[in-house]
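Number of protein chains: 6
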Amino acid sequence: MEPNNTLITDTPEEGRALAVKLSRLIIKATQPDEAARNRMRDIYANDPAMLISIGQVVATEFSTIAAANNY
Amino acid sequence: MEPNNTLITDTPEEGRALAVKLSRLIIKATQPDEAARNRMRDIYANDPAMLISIGQVVATEFSTIAAANNY
Amino acid sequence: MEPNNTLITDTPEEGRALAVKLSRLIIKATQPDEAARNRMRDIYANDPAMLISIGQVVATEFSTIAAANNY
Amino acid sequence: MEPNNTLITDTPEEGRALAVKLSRLIIKATQPDEAARNRMRDIYANDPAMLISIGQVVATEFSTIAAANNY
Amino acid sequence: MEPNNTLITDTPEEGRALAVKLSRLIIKATQPDEAARNRMRDIYANDPAMLISIGQVVATEFSTIAAANNY
Amino acid sequence: MEPNNTLITDTPEEGRALAVKLSRLIIKATQPDEAARNRMRDIYANDPAMLISIGQVVATEFSTIAAANNY
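Residue numbers (the working numbering), protein chains in the order written: chain A, 62 to 132; chain B, 62 to 132; chain C, 62 to 132; chain D, 62 to 132; chain E, 62 to 132; chain F, 62 to 132.
It cannot be assumed that every hint is accurate.
Chain B side only, calculated, beta carbon under 10 Å to chain A, not exhaustive [what the hints assert, rightly or not]: (1) Leu68; (2) Ile69; (3) Ala78; (4) Arg85; (5) Leu86; (6) Ile104; (7) Ile115; (8) Val119; (9) Glu122; (10) Tyr132.
In case anyone wonders, no lab produced these hints; they're calculated from the structure.
Beta carbons are placed, not taken as given, at the ideal position from N, Cα and C, and that holds for glycine.
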């Protein structure tokens, strides 16, 4: 997670970045092979339905971070 | 995010606009190539299932914004 | 959004109607062409999976409205 | 919605029933033709993925009802 | 629902079990035929996408139960 | 669940680990056959849409854990 292991960020902008990071870490934990992840990146980056789903995951992570920070 | 890096908006209407903006920024971060995004726009704007999914993402972002603003 | 730009409604029933309206406005913003939206309406109104997804979006919008109104 | 237009129920059990009812009313509003809804019922009642999605909608509606009732 | 019609459980573990139970009861209400449900069980228990979706429903039900219990 | 049957963790990092664990336990409860689960693991670990959905489930479980811990 964060270097300092916390959900607290200085700004909402950094909170968004943390939400993206948390989303990616779950994928990394489920598929640890970097080459496999890179192959899939080309797929989801050009698939509108998957891009929308990624937006959904980040929105969910961000709602948790926003609540923790009382933005 | 916002010019002033905040989730606080003057009205619910502006909160909706911010929710749409946040949703788009995630897609932009995942697919930085503007031409690729434009190609996909034609697809999802004419696909009812994807349009519904976009509504889901915006609804989730908006719930976070609404909580931050005590609408 | 609402004529008076607010999430506050007199009754839960009106809150449901607002949730439906918010869901539709996002689709309208993403696909501004009315003819295109009408063509898609015939599709999703007869597709059970899409109807269920619409229910999901409205449920999410309504949870935000319900929280704002302390129903 | 309810005869008395409220999210408040006497028991969690009745709250579950209300969540199911709210989910159905959205589908009814989107597809007002009863014959069309009945045809789709045979489809989603025998499709495990759709049944799971229905469970998701009801779970979301119920979370709103549970919050309103302080169960 | 529960024998005693409540969301309150003694432990988070029992709360998880209740979340699973609530998820199943919705499917049972939508498809009351036990033979049909058993046929579908073989399908979703061997379909990774459906198993993930089941996890999503249970997670949503559990969030409601956790809030009710102040875990 | 946890050895000590609680949602409380020392750090957000451990909360993330618990969210992953809860997600897996639901799949295990629905498909108890370990060989079947291992076969499916190869599928979802190489399917970008499923990996994104797993991220969604973990994000939802984590939001519950974060609320319980007041991160």
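Hey, does the Arg85(B) contact hint survive, CB to chain A under 10 Å?
holds (8 Å)
Interface hint for Ala78(B), Cβ within 10 Å of any Cβ on chain A:
violated (15 Å)
Hinted contact Leu68(B) with chain A - closest CB pair below 10 Å
holds (5 Å)
May I ask you to test the interface hint for Glu122(B) with respect to chain A, counting a Cβ-Cβ separation under 10 Å as satisfied?
holds (5 Å)
Under 10 Å is the threshold here; is the Cβ of Tyr132(B) close enough to any Cβ of chain A for the hint to stand?
violated (14 Å)
So, as I understand it, the hint says Val119(B) touches chain A; can you test that by seeing if any CB pair is closer than 10 Å?
Since the shortest Cβ distance to chain A is 8 Å, the answer is holds.
Take the shortest C-beta to C-beta distance between Ile69(B) and chain A; is it under 10 Å?
Constraint on Ile69(B) satisfied, holds at 8 Å.
Hint status (Cβ of Ile115(B) to nearest Cβ of chain A, threshold 10 Å):
Interface hint status for Ile115(B): holds (6 Å vs cutoff 10 Å).
Does the CB of Ile104(B) sit less than 10 Å away from some CB of chain A?
Cβ of Ile104(B) sits 5 Å from chain A, so the hint holds.
Cut-off 10 Å, beta-carbon criterion: hint that Leu86(B) touches chain A:
holds (7 Å)
In this structure, the hints that do not hold are numbers 3, 10, in rising order.
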